[in-house]
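Peer 1: Heads up: the sequence lines are chains A and B, in that order. With the first letter of the first sequence counted as 1, position 57 gets the number 57 in my numbering; the numbers rise by one all the way through. With the first letter of the second sequence counted as 1, position 43 gets the number 43 in my numbering; the numbers rise by one all the way through.
Misleading hints may appear alongside valid ones.
Rough simulated footprint, nothing fancy, chain A against chain B, three-plus residues with beta-carbon under 8 Å [said to hold, decoys possible]: (1) 67 to 73; (2) 86 to 99; (3) 102 to 108.
Straight-line distance between alpha carbons at most 25 Å, and here's what the computed PhoX-like set of lysine-lysine pairs gives [what the hints assert, rightly or not]: (4) K105/A with K42/A; (5) K11/B with K57/B; (6) K56/A with K67/A; (7) K14/B with K2/A; (8) K67/A with K109/A; (9) K71/B with K57/B; (10) K67/A with K2/A; (11) K42/A with K71/B; (12) K71/B with K2/A.
I should point out that these hints are in silico values taken from the structure, not numbers from a laboratory. Beta carbons are placed, not taken as given, at the ideal position from N, Cα and C, and that holds for glycine.
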Amino acid sequence: QKEVEQNSGPLSVPEGAIASLNCTYSDRGSQSFFWYRQYSGKSPELIMSIYSNGDKEDGRFTAQLNKASQYVSLLIRDSQPSDSATYLCAALDSNYQLIWGAGTKLIIKP
Amino acid sequence: DTGVSQDPRHKITKRGQNVTFRCDPISEHNRLYWYRQTLGQGPEFLTYFQNEAQLEKSRLLSDRFSAERPKGSFSTLEIQRTEQGDSAMYLCASSLQEDTEAFFGQGTRLTVV
Chain A
1 QKEVEQNSGP LSVPEGAIAS LNCTYSDRGS QSFFWYRQYS GKSPELIMSI YSNGDKEDGR
61 FTAQLNKASQ YVSLLIRDSQ PSDSATYLCA ALDSNYQLIW GAGTKLIIKP
Chain B
1 DTGVSQDPRH KITKRGQNVT FRCDPISEHN RLYWYRQTLG QGPEFLTYFQ NEAQLEKSRL
61 LSDRFSAERP KGSFSTLEIQ RTEQGDSAMY LCASSLQEDT EAFFGQGTRL TVV
């Protein structure tokens, strides 16, 4: 059974601090990984994709991938209250199917 | 292009009725996915299309569910004889190719009463 695991949270972070979200996956054949943000009652919105080991930065967001440890993370710098949402991690498996985590609820406290 | 579009945004139906949802993917996107999502869970895979071909359907999916993508453009998802357990957000996503990012529509929230 291919799985993507995330801590459900909630993860509470003070405004202006760094939020760190983590995700592990079981399928070693996975090559592509995605982070989506989902506000309550809304659909998921793609915020980052990462395909190679290492870091990928986009504005306040940094995605990190470690294929040896089967680990993906998302860092949000200078956290804002508007970042409060559920963050979904997804891995594209060897059959090109997206495997989804259940999401981590992030709360940014003003 | 305004992205993936789903219609309707909300649907309330009585148990036992049939419902149909529509999804218009981003133009030129070959892959189209249908997911279902309930509170506190990640998206649950239902089915996907590569152009007009339906390549996979979830084994967990009841035969009351059917999907089509005629001519490889828009897609419809039909649920026959709805049950209260079908109440969920139904999400459509599309991607350019099999290994690229998927973009979601706004979703259709179904409530079966």
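Peer 1: With reference to the structure, classify each hint as holding or not holding.
Peer 2: A quick look at each hint next to the structure:
1. 67 to 73: violated (count 0)
2. 86 to 99: holds (count 4)
3. 102 to 108: Held - the segment 102 to 108 of chain B has 6 residues with a Cβ nearer than 8 Å to chain A, which meets the minimum of three.
4. K105/A with K42/A: Holds, because 14 Å separates the two Cα atoms, which is no more than 25 Å.
5. K11/B with K57/B: Satisfied, since the Cα-Cα distance of roughly 23 Å is no more than 25 Å.
6. K56/A with K67/A: Within the cut-off at roughly 14 Å; holds.
7. K14/B with K2/A: Violated, at roughly 36 Å.
8. K67/A with K109/A: 32 Å, violated
9. K71/B with K57/B: 19 Å, holds
10. K67/A with K2/A: Cα-Cα ~15 Å, so holds.
11. K42/A with K71/B: Not OK: K42/A and K71/B at ~29 Å, beyond 25 Å, violated.
12. K71/B with K2/A: Distance ~32 Å between K71/B and K2/A Cα, so the pair is violated.
In summary, the structure is inconsistent with hints 1, 7, 8, 11 and 12 from the numbered list given earlier, while agreeing with the others.
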